[in-house]
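Asks: Listed below are the residues making up each chain.
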Amino acid sequence: MSISADIDRVGLTLLNQRLVNICDEMAVSMMRTAYSPIFSEGLDFTTLLLDKDGNLAATTGINPAMLGASLYAATWMINEVGRDALQPGDVWIHNDPYRGGSHMPEHMMIKPIYYEDELCGYLGTMAHMSEIGGMSAGSFAATATEIYQEGLRLPPVRLFINNEPNRDVWRIMLSNHRTPSNTWGDLHAMLGSLRVGERRLLQLIDERGVDSLAHDMSQLQDYAERHIREELRALPDGDYFAEDFFDNDGVEPGRHYLRLRLIVEGDSIVFDYSDSDPQAAGPINAPYVVTLSASLNALLYLLERRVPVNAGITRAVRVVAPAGSICNVRLPGACVGGQTELQPRVMELITGRIASQILPERAAAGSGNTSLNFLFGGRHPSTGEYFAHYHFEANGWGGRVGSDGNSAQIVPHAACRNTPVEIFESRWPWLHHRYSLREGSAGPGRHRGGLGIVRELEVESDLITVSALADRADSPPWGILGGHDGSTTRIELRKHGTDTFVPIDQVLDLPSKTKFANARLTRGDTVRLVSPSGGGYGDPLERDPHLVALDVENRVINTQQAAADYGVVLDVDGSVKVEATRTARAGGMQ
Amino acid sequence: MTWHPLETSWHDTSVSNCEVCGNLLTNGYFAIARAGQTYRACSESDADLLDLLERHRTIAAPWR
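Top to bottom, those sequences are chains P and L.
Just so you know, we're using this note's numbering here: the first sequence kicks off at 463 and counts up by one.
Just so you know, we're using this note's numbering here: the second sequence kicks off at 627 and counts up by one.
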């Protein structure tokens, strides 16, 4: 088959969309066939297509949090096991965070694809399994100090050999997960997705030829690199600094700092995290690919143009994160929370604190910036079956130029969805008493933060074991460029027979307000999750008074907050008292 | 700069990291010598990265 000549931008755009469509169709297949709501509702997965050299050629846009792993996990696996180890009919699996995985619940499957006996590429899926064993139901133990407590770790192994299941591996996995029937169903959803992708990729090769497609995919990566470099050239050269911290690691008291030196030089950029703290005892550490993912996602957010997401985007970007640090965990450090907590924290260092220095028109204030991971397990009173689920909660995003922060949205690095009330109540013994926006919580600003949520859940079985891993309980989401901070995270409990919600750490004598494992709740106990709200962008005294009045009408804030935070005085009918507001604001600015 | 394969047995499941950027060393490393020290690096370009970092780290960070 002859190799095509260089194709133009239109041709590359069409090719990129064709490859992304293959990944999208794989994703839809997973969503529609999975057993676990974390797949079908949460969309906590991604799909990928790699060229024959193992470079990422395309991915679906469903979960950008997995971008770092998508770029490296498969490539590193191929390098480690050797290309000859991968054979037709193989499907490999691994979830090792020290080998390119984001954290252990996320399992990657890779299938080499052959066209007329010639290797032409790889297809992959990466998905968060809701239960993989370990010390807590839901496999998200906030008090873990070693990887061995976080579930079953798989280095690259074959799940299928010559199109036949490798039963030994299946049996090991199914024996170590608390909900093996879910594992069985979800793994088959992933396998089905690979088959869909294989069919579509082979159709594409039929149309374009194997050599021609390889050539064009290589050109597409060059094109992505050129775009990134052009954008970087427009940034002012220099060193930029930002830091943030976690309240604690769930195991020991005290903050853990992330520190970034961003170096822009010509058409390249270096994210240097070398001054960050050493790895923590608790599971807030991140593997290298998570820190890389945060850096790339933030960079893609800041760029003006949409760039094809493939291996080309990494060529102008270097990420430095020494092994043994909070940004690059070393064996046997616990790291399940790095993907959900450290990644958004690092991302917002860049999109908020760095961007306000070099691109204020693209900067955003801090979001709630915690996934508020809430895990639970137990025996269902109706069926006697063991259940477990991993739930992440929505929070408020930060204000940005031209827009208030979004309300009730999953953390910005992961375009996931939370678990609907209907799923909670039909699949597990929980009863919702409340699921609402958190009124009055938004960080004030010219563009205010978005609202968090309040969710109240009552236990409807004899025993449910719950765990949580969340941050921003002590330090609120920050405002920028004169905007004010948002509101912090709370987890509260109302014991059966009592009237009052009390912070859960006080009721159960826990070491952390929002990080704990295996709290035992019984029938009639009610948990309240209060997620944080976004910080504000710009001086709140510059907010259009009529927008403030609208916020009061919509119960985003109350009349007192309108006066105290925004200097807006309202009449009894809710309209703005213009003169009184002008006077109040003049006084506020003195 | 020289390339060295990583010698591991099949039952060794440990991993090593690049001493310049922290990336995984999958099947080997480049040895980069600088100021009497040898770094095990994942990429040839890490020699340039090392020089760049050294140059920029003379600019004091605000937390120091």
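These are computed hints drawn from the structure, not numbers from a lab.
Certain hints may be false.
Rough simulated footprint, nothing fancy, chain P against chain L, three-plus residues with beta-carbon under 8 Å [what the hints assert, rightly or not]:
1) 628 to 642
2) 649 to 660
3) 674 to 680
Don't be surprised by glycine CBs; every beta carbon is placed ideally from N, CA and C.
Asks: Take the hints in turn and mark each one as holding or not.
Replies: Tested hints:
1. A count of 3 residues in the region 628 to 642 of chain L with a Cβ less than 8 Å from any Cβ of chain P is obtained; the coverage claim is therefore met, three being the minimum.
2. Evaluation of the coverage hint for the region 649 to 660 of chain L: fulfilled, as 4 residues show C-beta separations to chain P shorter than 8 Å, against a requirement of three.
3. Using a Cβ-Cβ cut-off of 8 Å, 3 residues of the region 674 to 680 of chain L lie near chain P, which meets the minimum of three, so the contact claim holds.
When the structure is compared with the earlier hints, no violation turns up for any of them.
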